[in-house]
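Peer 1: As given, the protein sequences belong to chains S and F, one line each in that order.
Just so we're aligned, residue 11 is where the first sequence starts under the numbering used here, counting upward by one.
Just so we're aligned, residue 6 is where the second sequence starts under the numbering used here, counting upward by one.
Incorrect hints may appear among the rest.
Below are the EDC-like pairs computed for lysine to aspartate or glutamate, each with C-alpha atoms no more than 20 Å apart in a straight line [claimed, not checked]:
1. Lys-672(S) to Glu-52(F)
2. Lys-339(S) to Asp-207(S)
3. Lys-60(F) to Asp-682(S)
4. Lys-249(S) to Glu-440(S)
5. Lys-60(F) to Asp-686(S)
Counterexamples of contact, computed for chain F against chain S with all Cβ distances above 10 Å [unchecked claim]:
6. Asp-35
7. Asp-120
8. Gln-329
9. Leu-397
10. Pro-423
None of these hints come from the bench; they were simulated from the model.
Note that the Cβ used here is the ideal one computed from N, Cα and C, for glycine as well.
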Amino acid sequence: MTTIHLPPAGIVLLVGPSNTGKTTLLNQFIQEEQIQPSEVVSSDQFRVLVSDIEFISWNGRPKDESDALFYEYQQISGAAFEAMDYVISKRCKLNKLTFIDATHLREEEHEKYLQMGKEYHVPVIALVLNISETELMRRDMERALPRGRNRIKQQYQHFKNTLRFIKKKPYRRVYMLGEEEIQVVNVSRLENPLYIDVGTGIDFIGDIHGCLDEFLEMLNKLGYKENDEGYFIHPEGRKILSLGDVLSRGPRSIETLQFFQKHVPAGLAYMIDSNHGWKIARWLDGKNVKMAHGDENVAAEFEEYERNFGSETAEKLKEQIKELLLQAKSHYIIRKNGVNAVVAVHAGIKDYYIGKQSPRISDFCRYGDSEGLDESGKPIRKDWTVSHKSSELILWGHDPKPQPLLVNNTLNIDQGVVFGGSLTAYRYPEKQFVSVKAKQDYANVPDNPLKEWERKRLAAPNIMKFLEGYSVLTEQYGEIRIYDDGVKPALDDLSHFTLPLEDIVYLPPTMSPTPKPSGLEEYLEHPQEAFEYYQANGVDKMVVEKKHMGSRGILFLFKNQEIAKEYVGREMLGTIYTRTGRAFFQKELQEKVVSALNQDLVKSGYFEKYNTDFVLLDAEILPWNLKAKDLILNQYAHVGEMALLDRYKLKNSLQQALDSGKDVLSWVQENDAGIDNAKVFNDVYQKYCWETEGMEGIQIAPFHTLAHSSETFFDKPHTWHMEKNKEFSGISRLFLETEYRIVSDEPSMKAAIKWWEEMTEDGHEGFVVKPESYITRHKGKLLQPAIKVRGRKYLHIIYGIDYLLPENLTRLKKRNAGKKQRNALKEFSLGVEAVNRFVKRESLERVHECVLGILALEAEPIDPRL
Amino acid sequence: MQLSLTVRGSGADVVSYLIAKNPNNPYERDEKGFKVRLVYPIFTKDEVQFLIYVKPDPIDLVRNSSDLFDITHYINDREFAVSSLFITTIRKALGTALNGKPDEEYLKWVGHEFDMELAFGPVATDLQDEEIADLFEPIGYKVEIERGVSTIQEKSSARFVTLSGSQSIQNALKHVSILIPVIDNYKHYFLDEREIEKLDRYGEGWLENHPLKQLIVKRALRFNALISQSKYYEKKPHIRNQDESQKVRLNDLRYEHIVNYITTLPHKQTIVDLGAGEGRLSVQLGFIEGVHEILSIEPSNKARIKAMERFEQVMKTIGYVKPQSMPGSLFYYDSRLQNIDIIILCEVIEHIEEDRLSKIFDIILNDYRPKTLIVTTPNQEYNVLYEMEEELRHDDHRFEWTREQFAENVKEWSQNCPYQVNIQGIGEDHPTFGQPTQMAIFRREEE
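Here chain S stands alone, though its shape is the one from the complex (with noise of 0.2 Å):
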């Protein structure tokens, strides 16, 4: 009995003329189940579907008629081959698997077919059927449009031409089926080998280069046990997968080797296919090859093997490890409940090459994209993981980054274990990573990968990457578009003002006021919209932070001078800046307050208690004059003048005529009013003034604890972020505690609706409203990660001296804050992305488009009010 295996996506050609019961069979399969309808396409059904004619007899007409019939026949069969090809291109587009019912006697059909496969990627497949000349001569009498004797006779020619050809061509497989095969055929469909079910997990693995110490020791941290067999099992039943590169440059492939060859069989593991073991599987398969970029060891270790076990031995594991090699995939597909969910690669992929195996797509997982060579003879590499759109996550290896890099949903785990990094694992579902530091530099080759990326890490950005606007594809908000009249205006802020680019790795994000104007008749804010924005968004519990009123600061503080140059390029304490990235004080009084701050710091043994190198904090520093001095006296005290001595003026002419009898009473009134309005301005600005000496008087109340050398605290809740406010306060006398309180019921929220009562009549600018956790979705949806809500005595320095008047109230209260909140939302994003970034160690380009980014919003038209 035959059995015919199909392959999971690709073409089956049926050969055979007319009569040979090519669509008897594949109707049998049907009726089996074997096969759906819909994977069936006849040239037949095309005629019908293109003309309503399925066939033409010429047979017996006069010449002239005969003609004028073939024409028409041609005409229609060739409209009918356009239209079933297309279909045919466009299933194998989708890796679907198609049967094309035709007899297929000419060379060139074959070839047109097979050129299909290679330009889809998928394999072809041949199903010839051989009867004999009488036989085909004697069913064509029993046809209902018998295609006569003549045809018959014709086609059988060509069709014996055909099988002499068709064993010359490049199919994946051809079966050959005589009238008897074709009575007991049986149909056995393939699985898509590339298709991996998560099953109770997959624990991914980054490039070993025969670190064969590290890979045990990370099998040891995943759980894994090795048994009396050898095997390692782990005991949920997860299994690993390779990204390949497995072998050359360390110190024990051979072993590495032997255990992907005794696991993948066992189905304990997998390997994926790379560009060393393509070249070992190569040299071992006995072609010439230059062993090189570290397969010269794998080649030694061989050796070494051979003069300790003897050659036989050596033969046979050759042959095993040849095999093992030859067999790995270009990539698999990991699936969750039957739909793809990672892509698994070494090099990198195209989206359209997912799920399919050639040997075009097997190098370009080897190799990646690359294109031609620089100067120095090096690949340049193409950047593939920018045209990623499909949903899943690429997993991929090859070219090692200091820190798991995840661009665009591609997540490269190669951490260069083999040049002194660190193997790294990604566990899935569970999106962790598991990191096993290397023992040593094994590879210890000049042009380090890993100290390469750190000599080019702060590299200058390349700014035709920004000048005529660009996106930043962010984790939270995804891509964000920044245009160009923001970016120039940014630009030129960062070539004349502010800080070095290296040492702003991030800028806190302006802040919404609450949504909807307060509903209270004699209010602009009120707490009360605040809470009701987040419950409407089902935030249960909030953290409510007295709003320190000063100027925004970011502290950026290294454990020493030294350690700084590893992060920013050169020696420095730290640095304190603005939200416009600028230095936050003169130089003189920035670098003591930084000193002070590092004493304190160093002193409480902080940077050690956490094992950080630095620490970034996000802050209000105070007082407020310290940043805005002429702003003050300029605007506000002048102002706040000029209004009480028009006022008290006034109020004594006004006096006199009313005094003499004039009629001016309301006017009298209305200037009273008006008097006790700039007065409260006069109070309020200057309750955020106070003399500061240096440093005396400075004070700076750090709300959030951004980011340590190794990790960042976006993940962590408010309520964490004001513990560490409190550590602070401990530590140094700079540091100002936050009051603060948390919502999550209705007397909490009574209670704190009474603090922002008392706290802004007293003066105070307000409080800002946060969702517990420091980023917060709703139904998928970022929320505000904060909302600001200002006293009704602090927003006369807002909103003007006589804002509270009911006719300039009910028209202030129109106020749209939807685009502040927009902006919000993207610059929050964008200060998130960038400190993750700088913390993996990216490059400094990766962290300045955030940067660029946020200042580019804030150059936004946005009422500066709100």
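Could you slot chain F onto chain S? The hints should help.
Peer 2: Below, chain F without anything else, positioned relative to chain S:
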């Protein structure tokens, strides 16, 4: 914003006819959304005082302005300060008096000089008290200035002015109509030719011989195009002060020196003027024979707009190569700057923090690889000849180097780069202190 006028002596009560306002009823009118109010706090036969004040709508006032997105726009003194806005708004209410056209029977009072006190304010001005007094004293007033109360400033910036003297009502109003906006030095509306006519009319009879005539014309009309049209304008020969002329000369010398040097270079088809500012040097490069392309790179948009205007102006000259102004920055990598014949950093590096320079020169010499790089910067030693001590030649200079310092840094930047460097001076040579500008030329060795 308010003004009160007090008249004493017999006939004082005529004032109500001169200004055509009933002394018994408070007057209120709406003038383009602003309230104009007038009342007589004092009205007797021998003493009359009227008060006129304007109440703008604070919310309307801040709408439609170019600085709508700057917070300082929303808290400002325009609501309170006496200004051209004030004068415009009260003009109609006081029209009869200003034009001197009361009912016929009072016409004889128009020119009558009353013993009066005229108070207005608050004023917001950059003028000193004495300077304000100097505006009014020559036309016969005694000036008193009082200040508001400040708890945060040494003295308040809000002032109130009281004039006293003997004047006709019409003249007094003409004086303040011109001089209040002059004191305020802030015009709320677009100035056009009508301003000239207004100045002509209200200035008549007192401005012609005012010792501060030129200052008044200048501050009243603000723009040279308007000022020169005024009948009060007198052209004065402009005397350049010593300092200014020296600076201008050095700038020109520097450009001339650079241009002359470039002329001698064999490779000069493409030139990049990095940190081109307003394009003063770029524009001169366009006249050098053999130059095909000039990229004028500058991060500041404001400066670039000026540069583009400058390039446009010389467009018509034959054989002139117009520089292309492009945004760019030394702190970024810019692929457009690769393999250029000449890159120029003319008076640029001293505007950059010292510790950022080595990275910049690394990019220029190793990535951009110009055939020639020209760098100029001040010679700090020469500053003594400008009678300068510690201070720098420009507010934005982050450093100024001695010749030794410059040479040291140049050496460091060009280390391990295939460049020959030579350093020259530009400007008058002093035996001890050298020349005011130093120039380093980096020439790439042929590969």
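Peer 1: Quick one: which hint numbers does this structure break? Sort them smallest to largest.
Peer 2: Violated: none.
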